[in-house]
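Heads up: the sequence lines are chains A and B, in that order.
Letter 37 of the first sequence, counting from 1, is numbered 47 in the working numbering, and no numbers are missing.
Letter 298 of the second sequence, counting from 1, is numbered 333 in the working numbering, and no numbers are missing.
Among the clues, some could well be false.
[Unchecked claim] Pairs of lysine-lysine residues, derived as BS3-like cross-links and limited to a Cα-Cα distance of at most 25 Å, are as follows: (1) K314(B) <-> K36(A); (2) K66(A) <-> K226(B); (3) K267(B) <-> K317(B); (4) K66(A) <-> K432(B); (5) K66(A) <-> K146(B); (6) K465(B) <-> K66(A).
Keep in mind the hints are simulated off the structure, nothing from the lab.
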Amino acid sequence: MASIATCTARVCLTKAPRGGRRPILKGWAGIALAVAGLILFIYVIGPMGLETETLKPMADFIEENDINANAYYYTEVDEFFDAQVHMREHLKLVPGSDR
Amino acid sequence: MNQTTNQTAENDVVIDVAKTRISDLWKKEDYWAIWLGFLILVFGIVVFFSNPPKDMDAKITAANATMAAEEARAPFKTIAWHDAAAAKKKLKGNSVAIGKFLSTFTAKPHKWTSNPVDSFMVGEDAAAARKAAATPKYDAAKAATVAALETANTKEAAAEAAGFQDAALNAEAQDAISAWLAAKGKESSAKKKAGAKSFNQVGYLIGLGLFFAVLFGIGFKVMGNSLREFMKGFAVVFALAILAFLLSAQATMKAYGIGYAAWAIAIGLLISNTIGTPKWVKPAVQTEYFIKTGLVLLGAEILFSKILSIGVPGIFVAWVVTPIVLVSTYLFGQKVLKVPSKTLNMTVSADMSVCGVSAAIATASACRAKKEELTLAVGLSLVFTSIMMIVMPAIIKATGMPEVLGGAWMGGTIDATGAVAAAGAFLGEKALYTAATIKMIQNVLIGVIAFCVAIYWCTRVECAPGQRVHPMEIWHRFPKFVIGFIGASIIFSSIYASLGPDVGFTLIDQGVIKGLTKNLRGWFFCLAFVSIGLATNFRELKGYFAGGKPLILYVCGQGFNLILTLTMAYIMFYLVFPEITARI
Numbered sequence: 011m012a013s014i015a016t017c018t019a020r021v022c023l024t025k026a027p028r029g030g031r032r033p034i035l036k037g038w039a040g041i042a043l044a045v046a047g048l049i050l051f052i053y054v055i056g057p058m059g060l061e062t063e064t065l066k067p068m069a070d071f072i073e074e075n076d077i078n079a080n081a082y083y084y085t086e087v088d089e090f091f092d093a094q095v096h097m098r099e100h101l102k103l104v105p106g107s108d109r
Numbered sequence: 036m037n038q039t040t041n042q043t044a045e046n047d048v049v050i051d052v053a054k055t056r057i058s059d060l061w062k063k064e065d066y067w068a069i070w071l072g073f074l075i076l077v078f079g080i081v082v083f084f085s086n087p088p089k090d091m092d093a094k095i096t097a098a099n100a101t102m103a104a105e106e107a108r109a110p111f112k113t114i115a116w117h118d119a120a121a122a123k124k125k126l127k128g129n130s131v132a133i134g135k136f137l138s139t140f141t142a143k144p145h146k147w148t149s150n151p152v153d154s155f156m157v158g159e160d161a162a163a164a165r166k167a168a169a170t171p172k173y174d175a176a177k178a179a180t181v182a183a184l185e186t187a188n189t190k191e192a193a194a195e196a197a198g199f200q201d202a203a204l205n206a207e208a209q210d211a212i213s214a215w216l217a218a219k220g221k222e223s224s225a226k227k228k229a230g231a232k233s234f235n236q237v238g239y240l241i242g243l244g245l246f247f248a249v250l251f252g253i254g255f256k257v258m259g260n261s262l263r264e265f266m267k268g269f270a271v272v273f274a275l276a277i278l279a280f281l282l283s284a285q286a287t288m289k290a291y292g293i294g295y296a297a298w299a300i301a302i303g304l305l306i307s308n309t310i311g312t313p314k315w316v317k318p319a320v321q322t323e324y325f326i327k328t329g330l331v332l333l334g335a336e337i338l339f340s341k342i343l344s345i346g347v348p349g350i351f352v353a354w355v356v357t358p359i360v361l362v363s364t365y366l367f368g369q370k371v372l373k374v375p376s377k378t379l380n381m382t383v384s385a386d387m388s389v390c391g392v393s394a395a396i397a398t399a400s401a402c403r404a405k406k407e408e409l410t411l412a413v414g415l416s417l418v419f420t421s422i423m424m425i426v427m428p429a430i431i432k433a434t435g436m437p438e439v440l441g442g443a444w445m446g447g448t449i450d451a452t453g454a455v456a457a458a459g460a461f462l463g464e465k466a467l468y469t470a471a472t473i474k475m476i477q478n479v480l481i482g483v484i485a486f487c488v489a490i491y492w493c494t495r496v497e498c499a500p501g502q503r504v505h506p507m508e509i510w511h512r513f514p515k516f517v518i519g520f521i522g523a524s525i526i527f528s529s530i531y532a533s534l535g536p537d538v539g540f541t542l543i544d545q546g547v548i549k550g551l552t553k554n555l556r557g558w559f560f561c562l563a564f565v566s567i568g569l570a571t572n573f574r575e576l577k578g579y580f581a582g583g584k585p586l587i588l589y590v591c592g593q594g595f596n597l598i599l600t601l602t603m604a605y606i607m608f609y610l611v612f613p614e615i616t617a618r619i
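When you get a sec, could you build the whole thing from the sequences and use the hints?
Listed below in structure tokens is the structure:
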């Protein structure tokens, strides 16, 4: 594990992957395969899945309402700002509210 | 922290001796993250605070006066009250010219369905075609709103004629107003689509890439590295980040809830494990530098002051359940599952109990988890988020659970924020507002949890059993970027509180955050995830999953979270604060 000594923090980020030199052709074939799989997923398998009875209602709803369903934090979703305003205005007479 | 590394040739043991030097201020990435983060935040404050929307104060005062008068006049929120509230909501810091420019300059690739080029540019003809396709729906939605408003006006007038003393007429008016608001919401969605405009993001993306290269490159150079090498590699890392955003912006991917973090890691992994990460790219593979700068910006989005005004029961649900689940899951992992890595255990526990990816990033950085551990935690969160986003609304509907309870349950348990919005809105408006409130309060917990984890790691985990850690030693070991992260949160919370909720919403939420820091933070996290992928090996990643322990930990923790959140939500919303529930 000589490579560890070259790192100054526990999250060592520049260590080269193990496994030796891969034939370049094999590497590019792997990339091509992944790209083909991705295209298949985006244009065929993914949309087919969204047509199933389980997923269709939610998928249609997200599309219809243009919801940013793959956001990670509340400031990335418009609906959260609406909720914030709604809750503040509707709860303002309640003890504990700031207005 | 400055670590002096001594290595003996016999056993390859790395000995860390913590020291703090004044030069750390310009030689350590923790401090550079703070400087860069605060540079952006100060810039944002100067720009948005000196360019408020026209007549902001007067408009807010007028709207508040109308709302107060309407509250005194009627026992329910009248049409005039809602109009005044909408007028206030329209005041946005990023609607001024400089705000619009910054939003456009820092924007990610746009949403697309079948042609990826649409993500970067849409010509005049294509925009006109989109507009034409969406206009009939918009016209129909507009007509529906007009009809709903007419009905609401009639019903409100009838209630007013009875002096607002007839409960049945009041209820009818309230229902009609709710129907009008729902119609307005649909009209607003339709309007967005009907307002399609031509755009070309390519030039902005090139400019943004150069800006990032200079921004991070200066620190990289001062830290003693080659600026030229960083710039060369950064072009690739940035291009891959664009690709990750492009894939996450695809309509089907949005429906599945697959975000940029998953794509960034996957793209990086694919390259590093097939053709290998080129040597010349590696100087720009700076996960910690990017992630810590992003976390300082995230700190400004953690606004303690506003959560007090958005729901007492939510605070109980989020702030009681979340720490209990976090600590229980961590202890379960250590005592029962015997997860070998404490950092992996903590990252998965925080990721599952708080709010997924954002919490995983903050906690992993605070306890210095390995990149593979963060990858694993993010992967688990994304898979379960997609499942829960579909399954939970179905269960809530099937069991006839009240909307508020269902919303609270989902807000407290579904990891990713976007999925909470989708699942909540799918159930109804009340569910959305409750779910969003709980998740927002939980989001705010990230700062506290990251700080506590950093302290716990410095004082308990990273020292020998029985060893008493001197306060200076804690300081030496403490990840300094956390100070920037917490500092940004405290400063922005104080500013928000001093401005008041209306001006705070306009200038901070809809100005500094929405117009600038939110986008930049997203880019920095994406660059970090690309870097993680480029530096990770599948075999090493597999090793961390040995025995499926992280999965078992996640499932058991989430199971406990589901039970405890539902119980607490029921107690708080239906037994302790039913009057608040009635107002939602």
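Comparing the hints with the structure gives:
1. A threshold of 25 Å between alpha carbons decides the hint, and for K314(B) with K36(A) the separation of about 19 Å falls inside it, so the pair holds.
2. For a cut-off of 25 Å, the pair hint linking K66(A) to K226(B) stands: about 24 Å separates their Cα positions.
3. For the given pair, K267(B) sits about 10 Å from K317(B) by alpha-carbon distance, which is consistent with the 25 Å threshold.
4. Only pairs whose Cα atoms come within 25 Å are accepted, and K66(A) paired with K432(B) is accepted, the gap being roughly 16 Å.
5. For the hint pairing K66(A) with K146(B), the CA-to-CA distance comes to about 19 Å; that is within 25 Å, so the pair holds.
6. Straight-line distance between C-alpha atoms of K465(B) and K66(A) comes to about 23 Å, which keeps the hinted pair within the 25 Å bound.
No hint from the list above goes unmet by this structure.
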